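Listed below, chain by chain, are the residues.
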Amino acid sequence: MEIRLIDKEEKSRMECCKESAREVGLVFPDETLEYVITNRALLGIKPKGMVPTLYDFWVHDVQAISGNIKYDYYPHNPYETVINTMAPISFYNDNNPPWINTFIFYHVLGHIDFFRNNIYYQNTHDDDFYGRALSDKRVIKNLRTEMGAERRWVDYVIEFSRQLDNLVGFHRELFGKELAQKRENARVEFYFGEFSRKLVAEGRMKLSDYLEDFKLFNKYEAEYGKKGGEEIFFRDIIQKYLEFGDLLEKKKKDLEEHRDSEKRTDILSLLMNNSAFLNKAKNRWAKKVMGIVRDTGLYFAPQMRTQIMNEGWASYWHQELFMKDKMMSSNEFAFSKVDSGVTAMHKVGLNPYALGLRLYRFIEDMADKGRFNLSYQNLKDEEQRKKFDLKEGKGREHIFSLRRNLDDRLFVNYLSDRDFEDFVRKNHLFVTGARILLDNSGRPKRQYYVKSRKGVDYRKMLNKTLYHPPFIRVDSSKLANEELYLIHEFEGRSLVTQMIPDVLTGLSYLWGGVKDGKVKGKVSLETTEFELPRKSLEEFQAAGDDDDIAYQEMRVVYKLEDGNIEKKTVKTEEKKKKRGDF
Amino acid sequence: METLEELLERDKQRVKDGFKRKIKIMSIPVSEKKVINIPIVHESKLIHGQFEPGESGGTGGIGDEEEGEVIHEESLEGEAAGEPREAGEDPSDDHVLDSDVVDIVDDLLKEHKLPHLKEKGKKVPTNEYTYDLSQVFKGAGQVVDKGRTLRQIVKDNLAMGKLDPDDPSTEDLLVAQSMKWYRVMGREKKFTSKAAVFFVRDYSGSMIGSPTIGVVAQHQIIYAWLMRQYGQGLVESYFILHDSSAKEVSNFDAYLRARVAGGTKVAEGYRLVNKIIEEKNLAKDYNIYVFHGTDGDDWDSTGAEAIPEVEKIVHVANRMGVTIITPDASFYTKAAGGKSVVEEYFNKSGFLQTYHKELRLFPMKDSQINMDMNIKAVKALITE
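Quick note, the sequences are listed as chains X and B, same order. Going letter by letter, the first sequence gives residues 0 to 581 in numbering that gives the first Met the number 0. Going letter by letter, the second sequence gives residues 0 to 383 in numbering that gives the first Met the number 0.
No lab work stands behind these hints: they were computed from the structure.
Just some of the chain X residues that point at chain B, by a computed CB distance under 7 angstroms:
#, residue
1, 58
2, 61
3, 68
4, 344
5, 493
6, 501
7, 529
8, 550
Below 16 angstroms or equal to it, Euclidean Cα-Cα: the simulated EDC-like pairs (lysine to aspartate or glutamate) are:
#, chain 1, residue 1, chain 2, residue 2
9, B, 19, X, 154
10, X, 47, B, 1
11, X, 566, X, 528
12, X, 239, X, 208
13, X, 453, B, 63
14, X, 346, B, 72
It should be emphasised that the depicted structure is a prediction, and the values quoted were computed from it without experimental measurement. We put the CB at the ideal spot given by N, CA and C, even for glycine.
With the hints as constraints, model all of the structure from the sequences given.
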């Protein structure tokens, strides 16, 4: 037995948990699947992102092998894992006692509710990913069989596509429909949203006329239908404001460009559509593989962007629901031990379970007291703020709406600076800094210290730790010249440079194939890097906090042609920072 | 799922297809003295790494300490000091071997066994198997186990009252098939003696640059070869660094990463080896190997202190292998007529002849350092 369905008794306990969860407002499908799994079996599916049906890939085999070797020396017990699929699937350790499973059931229901209701998952809401992955796995297996001795090329295509699976235009896929709608309504949106507002601001239109226009537009639409009404309305407008036509054209062009630039960030799709190599009849199989890898990347994308929200939500609900469960009595001590292991803040470091849970609780409390309003936000006096309580009791409702609409970035930036300061203070949080020093005998040591207790600094630090793939787009003007030229928009962080040659080699293969052991596609990547002067530790130590330390910021281009890669600096800027900032 | 052998084969094929190899071997310490090797693959991606200087944000923390208060300190000994790891830089990359080292090790394995392996007291099971008539079954099997069968017959007949202990007679004995014990061919684990391996590295100031690179590369190959040869967990490793004094570090990673320090006293390194061997009584249960890398400089220029320690080592060790990498233009080599002082006192001692089986020396110039030369050095140190 490596994997089996949970037994009847456990299943009926799960059904009871579902009832309690529904009562508090969690929404999830009636049908769910729960499996019991051994730790060893779990090691086999861990590299596959916990989806046992995911396509076979040799890198996963290497990871499973090393996972097994490590497990011999460091055995560990993962409690649970949930797959976002229809019906939702969860796995449980084969040696969990019943009370732990009940507690985990609640945690799992929190996750399922999150998957099913958060808008970042809206494209996977009705997706049987488990089944889809299985059919994709078969497609790849058949391809390998068909290709016989050459089947390793299937694995190269998987490998090179996976190198790009974070650059798949997630947001365009997610909000594509809304954006298309926006383009369709471009004229109306532009007139009411930008054009007339500008006229009002410039004093060329009265606010009352602006409101009149709204009424008129609605009246025409009611009388002549959506399309007809709009036509009649704008016939007058064009005559009244001669520049409107031109400005609207420009706006439309901008929107088009925006759409194109978004397309150009979906590197995998762009390759599939534009690579001459992939579009040769004999290579079309590769596009099938790339499509599968891209879909898998898109499937995992929301989970990477909602870790704090998702784990915090599941932790919130396992606490709320298990504490009211009859299993709680007689297991209080054990529960508090396990629960604190999951939801305690680390002395140094970040724990998404703990942080998410505390944010939900803090926001819930604020909403219960009606503090999301202007009068509270404008209050300066500490004592008055502490006492402020409108007893609105809308905490639950509030956090339910957050779990629907936010991702991690919006979540950690949700509170105002002042409120976040309170959150940091209430939870005794601080930013930990690290510095290197010489001890008395001249040996180097690393020292961790409290760098800041300020809310703004804590939030700044949090923002830097969030998942954020680089913004990389293709320069379409160079496509005609058969060159794939990627531009990395610098956002304060360079790329992991050691990985660039590998990724470019894979890109070059997908762009132009390989001949005589050399990849043929002409590909380039423009990005930003830094160079710090190599200073000895003693020199670095000797510098005071106010001394400037200089470094260079360079715009560089990696170019891969005929299998050779070279790096060229196109622009260098000398920069300085205070020593204290390092 | 593919086996590790198939995966390594696939990795070799990559080079023929025009791509770099991907599988690396990482050594991770699992206890104070034991290190295991695991295969790893890093999937490359275009992801964010280093922050703009001065912009890296630190991490979170919880507690009531004041701003500026120190909450934890750790020693950086063994880490390249002054160069904290960058965000996004993979920390594990420092102690992984490229998979071409795996090939080198494979070749070594074909040609070389551990020199002078001896049977020592304590044995532990290996991953190898042997087939032997080692299992016993009652009632059926391949060869009757006479002694055990006789005991069974006596025991059963006593119980049935067929045998009088005071007047035993074989005539009335009942013998049934179910009383017969048989030996059956079975798969048995092979047992082997353990090995204790000392890596000793000179990290004095004069080792800066190429001598260190050479020694580290050679010791990496030897280490990987030993791990493959002996299997996971059968080698106990000791890592010793010396300048004018010697210290033991806990793992190979720290051993490789330690930066150069002060002056040189080779004897200190050897003395620590002998001290550990004595304290842990290693000679009784372990096959002992000592590998030392130095640039041949020593304040103890006649070896007055070092040579007695060497003698102690070669009496208990199966092999002591010393690499001397001299810088081309070294004050010390000129002083000793082209040979380093360490090489000189080893030669004078006559040990290289007396203890030919146990002691090997490989002198080379730092300008010669390349993979081929390193392999040649390693082979010289480990040949029977």
